[in-house]
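Please model the complete structure; the sequences and the hints are all you need to start from.
Residue numbers (the working numbering), protein chains in the order written: chain A, 474 to 787; chain B, 1483 to 1789.
Keep in mind that a hint or two might mislead.
Some but not every residue of chain A turned toward chain B, in silico, with C-beta under 7 Å [unchecked claim]:
(1) A491
(2) P616
(3) F618
(4) W619
(5) M622
(6) A724
(7) I727
(8) A758
Hints are computed from structural coordinates only; laboratory data are not their basis.
Keep in mind it's a predicted model, so treat the numbers as computed, not measured.
For every residue, glycine included, the Cβ atom is placed at its ideal position computed from N, Cα and C.
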Amino acid sequence: MARYLALRLAILAGTLFAASVVIFLALEVIPGDAAAFMLGLNAQPDTVAALRAELGLDQPALWRYLGWIGGALQGDFGLSYTYKVPVAELIGDRLWVSLPLTLYALALSTAIALPVGILAAARRGGPADITVMGATQLGIAVPNFWFAMMLVALFAISLRWFSAGGFPGWADPLAALKALTLPAVALALPQASILARVMRSALIECLGEDYIRTARAKGLTRGQALRRHALRNALIPVLTILGMQFSFLIAGAIIIENVFFLPGLGRLVFQGITQRDLMVVKNVALLLVFAVTLVTFLVDLAYAAADPRLRTRR
Amino acid sequence: MTDAAANSPVTAMPPKQRSMWGDVWRSYRRHPGAMAGTAVFLLILLAVVFGPYIHTVDPGKLDIRAKNITMSLDHPMGTDNLGRDMLAQVLAGGRTSLAVGITAMLLSMLVGAAVGILAGYFRRIDGALMRVTDLFLALPLLPLLLVITMLFRDTLRAAIGPESGIFVLIVFIIGITSWMNTARIVRGEVLTLKEREFVLAARSIGTRNHRILTRHILPNVLSPIMVSATLGIANAIITESALSFLGLGFPSDFPTWGRLLFDGANFMTLTPSRVIWPGLAISLTVLSVNFMGDGLRDALDPRIRGR
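What follows is the structure, given as structure tokens:
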């Protein structure tokens, strides 16, 4: 286990290092340079020179990279150019919207997908299965931002049950949760569809295993064999997909937060991109990579804890 | 004994030649979802290609007197706030969206298949290529796509014209960020293929690597590539529409389905038709392509085929 853990940690560190280099290089190859880019076309030469000095662009690239990573490791992400406040502060504020939204969507998608997937697998080929397979195909095909707009049209504009967007803050937790409900549903739809299909196929595969036949032979009913033996084994691939969905949710949040005008990380990075605020963009991108790789790492660990065979392999 | 053998169903098999692709087609044809998907996709393709010759309204023609119509005989899908005909725009937008989807898919397949085949066949570069694949899978791609679009949009538009510049850029960024799953699937397939007897036989008579790859490996990994290709089209269409929806895709005088959604979002209460039709077009296309992919996978998988 220790060796496995060390290997996973090395991969985690390697991925983070490589990703930070990719992000750094992507912003380095801008035509002109970062200062000229951030100030736009009609900038005065002396303004550009001042910003270049402020950003430290006159130093060599390796030095700047080390400075950036060194700062980030200590929680110093530099100053946002448009907001004139530390990027760390912006991220801290926005995290209070994005993190609950992601968890809300993840909880919704799991709560819908697992029972539905189990039902479809247990009644394989029946009307319930066919309905689930059709509905999940639809859930995958519909773009989530369009689904979000349809939700707004129905529940906010026609029925007036929810507000069409905005976030009231956590002072009133119920109002905050209500504001996050439509976005979470929109985010969860494609994920729930994928997860339900994975759950179904994993369970069907497990139901075909020899140990299920043994369990049936010793007198368990189909339902008992499914609950006691197949389900536990089928949950392993579901766990992996759940971990992967975290990164999809983060990416999807950029669009959904824009549809609902939620002040989250996705909207922050999008605004950073349109306002050419490279300090915000590169640091939020790094943070997102960190979050995604960390979750992948944790899923790998959970996976190894659940399946001892994985620890010795490789 | 001999009589029984002569009358057994094995010898009574029809002498007709059966090719693998014939089998695949027969099995594909029996898949109701796949046939429905194919029919809908062909319908959309025909509508988008030939539609503008039948519905001959110029998608860019402004007619302020006929603005914000939800539905009428002249404008079956209504008009936008500048009086442009929505049906004409959806048809024109479909041309771009499908063109982007198909070209980006081709690029992604090319990269994915190349990486997968090389990684699976040459053990020496396998580790490095797979690390790169894992890295790409770990990156949050949408922010990265947005950053790349923003960084290179102006340069490319200046270099090769506004429309072709943005087309090349979008196809390129979708292509280079969606090849990873294909690469992984193809690599796994190649890993098992290269241990098979016919590859060993080819090697034992002195066949060179590039010839083994093109004559023996490539034809055998075509089926997983085809399945990922259908998924690739769906993914590329959704990604393009997401980029356009965020306002970072095509300019508004050059409609795509995502761009139409972006422009229509603010008029959702006034003319819901502006949002409903392009969204339906995206969903139907993706749905039909996914059904085709499902049917193709079932038809190509010999374990499911014939059951």
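Open item on the list: Quick check on the hint: A758(A) CB to chain B CB, less than 7 Å?
Closed with: OK, holds: A758(A) within 7 Å of chain B, min 5 Å.
Task: Cut-off 7 Å, beta-carbon criterion: hint that A491(A) touches chain B - done: holds, 5 Å
Task: Per-residue hint verdict: M622(A), partner chain B, C-beta under 7 Å - done: holds, 6 Å
Open item on the list: Can you verify the interface hint for A724(A): is its Cβ closer than 7 Å to any Cβ in chain B?
Closed with: Where the cut-off is 7 Å and the nearest Cβ of chain B is about 4 Å from A724(A), the hint holds.
- [ ] Could you check if P616(A) really has its C-beta closer than 7 Å to a C-beta on chain B?
- [x] Since the shortest Cβ distance to chain B is 5 Å, the answer is holds.
Open item on the list: Can you verify the interface hint for I727(A): is its Cβ closer than 7 Å to any Cβ in chain B?
Closed with: holds, 5 Å
Open item on the list: Would the hint on F618(A) be counted as holding, given a Cβ-Cβ threshold of 7 Å to chain B?
Closed with: Cβ of F618(A) sits 5 Å from chain B, so the hint holds.
Open item on the list: Quick check on W619(A) please, does its C-beta sit within 7 Å of some C-beta on chain B?
Closed with: W619(A) check passes; min Cβ-Cβ to chain B is 4 Å, inside 7 Å.
Violated hints are absent here; each numbered hint is respected by the structure.
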